[in-house]
Amino acid sequence: MTIDATHREVEDFLFMEAELLDAWQLEDWFALFTPDGRYLVPAGDLPQDSSPETNLFYIADDAVLLHERVKRLYKRNAHAEWPHSRTRHFVSNVRIAPAAVEGEIDVRCAFMTHRHRAGVNDTFVGSARYRLVRDQGGLRIREKRCTLDYDNLYEQGRISILL
Amino acid sequence: MKYQGGNNIAIDADHGRFRVARRAFTSDEILQAERAEIFDKCWIYLGHESEVVVPGAFVSRSVAGRDLIFNRDAKGVVHAFLDACPHRGAKLCQERQGVAKNFQCIYHGWVFSADGKFRRQPHHDAYPQDFEAGCAVDLVPVPRLESYRGLWFVCFDENAPSLEDYLAGARAYIDCMADQSDEMEIISGSQEYTIRANWKLLCENSFDGYHADNLHATYFDFVRNVMPPNVAKSGPPPKLEGVGRDLGNGHAVVEYSAPWGRPAGKWSPAWGEQVRPEMDSIYARLQARLGEQRARRVSQLNRNLVIFPNLVIIDAAGLVLRTMYPEQPGRMQVSSWAVAPKGESGWLRKIRLRNFLEFLGPGGLATPDDIEALERCQQGYRNLREAPWSDISKGKIGSPELPMEDEGQIRAFWMQWGACIDRYPHPPEPPPAAAKR
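Chain order of the listed sequences is A and B.
Quick note: our numbering has the first sequence finishing at residue 163, numbered continuously throughout.
Quick note: our numbering has the second sequence finishing at residue 437, numbered continuously throughout.
It is worth saying that the hints were derived from the structure and are not from the lab.
Note that the Cβ used here is the ideal one computed from N, Cα and C, for glycine as well.
Take these hints with a grain of salt, some might be off.
Here are the computed lysine-lysine pairs in the DSS-like style, where the Cα-Cα straight-line distance is at most 25 Å [to be verified]:
#, chain 1, residue 1, chain 2, residue 2
1, B, Lys-75, B, Lys-101
2, B, Lys-239, A, Lys-75
3, B, Lys-350, A, Lys-71
Ranges of calculated distance between the beta carbons of each label pair, as one might list FRET restraints [as the list claims (entries may be wrong)]:
#, chain 1, residue 1, chain 2, residue 2, range
4, B, Glu-401, A, Phe-15, 54 to 60 Å
5, B, Pro-400, A, Trp-82, 34 to 40 Å
6, A, Arg-108, B, Gly-346, 26 to 32 Å
One-sided and incomplete, this derived list gives chain A residues near chain B with beta-carbon spacing under 8 Å [unchecked claim]:
#, residue
7, Leu-56
8, Asn-77
9, Tyr-154
Can you make the complete structure from the sequences, with help from the hints?
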């Protein structure tokens, strides 16, 4: 199967995504998802590729819930993130794999997201898998799955930011 | 004015005041007293029967500061062992769960069968002949292990009452969970996280009926947003209504109606008309099994139950078991599991998990705000020298049942806590004198 995107284009897309998140331009970030988009963060004790429909995740948003999450994060009374955390999303080790689904671009990368708020620093390290599609010439996210490299969240406590 | 709990609870029923000294959330001495008088003496939740179904199934779990092996042996008997090799003490289990006929210590190779009996070791000849005959070489079982409706508990006090007696009025509410199906199971995936706050703050919060409208306003916005427009406009404003009850022995509950659907048998317009028939049939099956009145209660009402000291059963938008343990006075470890009827349909399981995640857990739309609130409390306690007391006075003090938005259920927890701490032979220093204001 031919891969319908250059490495440079994919990397640039992921860096742009990270930039939107760090700037709290969350509606713009949400617009990167397709209408059937999903954002997934599996629980720490689940095997790779577990399904959110049969296993308990930390986060398993469809586009509706993800948009609600984004809208909430803009509110002053979303207390866990008001005032907003400062975040820095790092993306590296980007690889484009043969897509499992026709028309998709399968991207794997490592991520590290740093969060600072009220004197507390949290680090989230893991691997991300993106299922991207091409829409009107640009790339869109059909699924973003962030698998954290921790058995649990004893270090970070909560995932109130977007990874 | 009556003092309890090493003077950390001040009750003035005549003036309707119930206060807790904030040092109860910050003091190392009090944490020591809690370990001795609460976690070493009360019945503590270990796990669910569905986690150890097949012979040899085991779960490695931290419980009340111990590392335990919770397992089922080849004959089908359930055990809980202290996870330390009888030889030198090395922890045997590094995997979280699995199936094992034997446990072998990595250090000197001692082997134990799943019933805890010593099996063999590589240098048998160097010991006296009867060395392995006594139970001194077997795995050490917990002093007490009992179950109620699929929930297994341990107790480190040989002389404790039976689990059933201990659970007292809480049994009826565990029944409401267990009766949702013939067989319940834990869904795979656990949410384990830390809150930088005292563990008792989450006990309070888990059935605090006073905070939701305020703290979780954004969650209720979300509930409105996902309802079909006609329901969102014409329906009642989403809120919670119900009662709080003292169930004895420090256990208490809030039981209430709420705007969300319940996979136990309460359809929600947010799920769409297409799933309504199956929800109706789930309700009909409950009704046939439990009768109309009980089926209604089990399926329609929500319950947040705290079993003293640290098991929370949230039977609401999701069905959740949650434990919390102190790590330090200002830091707790929380574990949550989702519970569901075994064999429920794929779409209902999906809705159940979605319902859970919308509200609950470290990535939910509500729990992170609870975490924030508890951490803010803990931060506020830095000021305890000049601001030493917290207030838990809402609703008539001493009533066994009150509206859920009162604080009767929280006082029930504290009264038991106080009785436990009062048993501690080295009473902590009294807190600063109760200010008149």
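>> Flag every earlier hint the structure violates by its number, smallest first.
In response: Nothing - there is no hint that the structure violates, so all of them hold.
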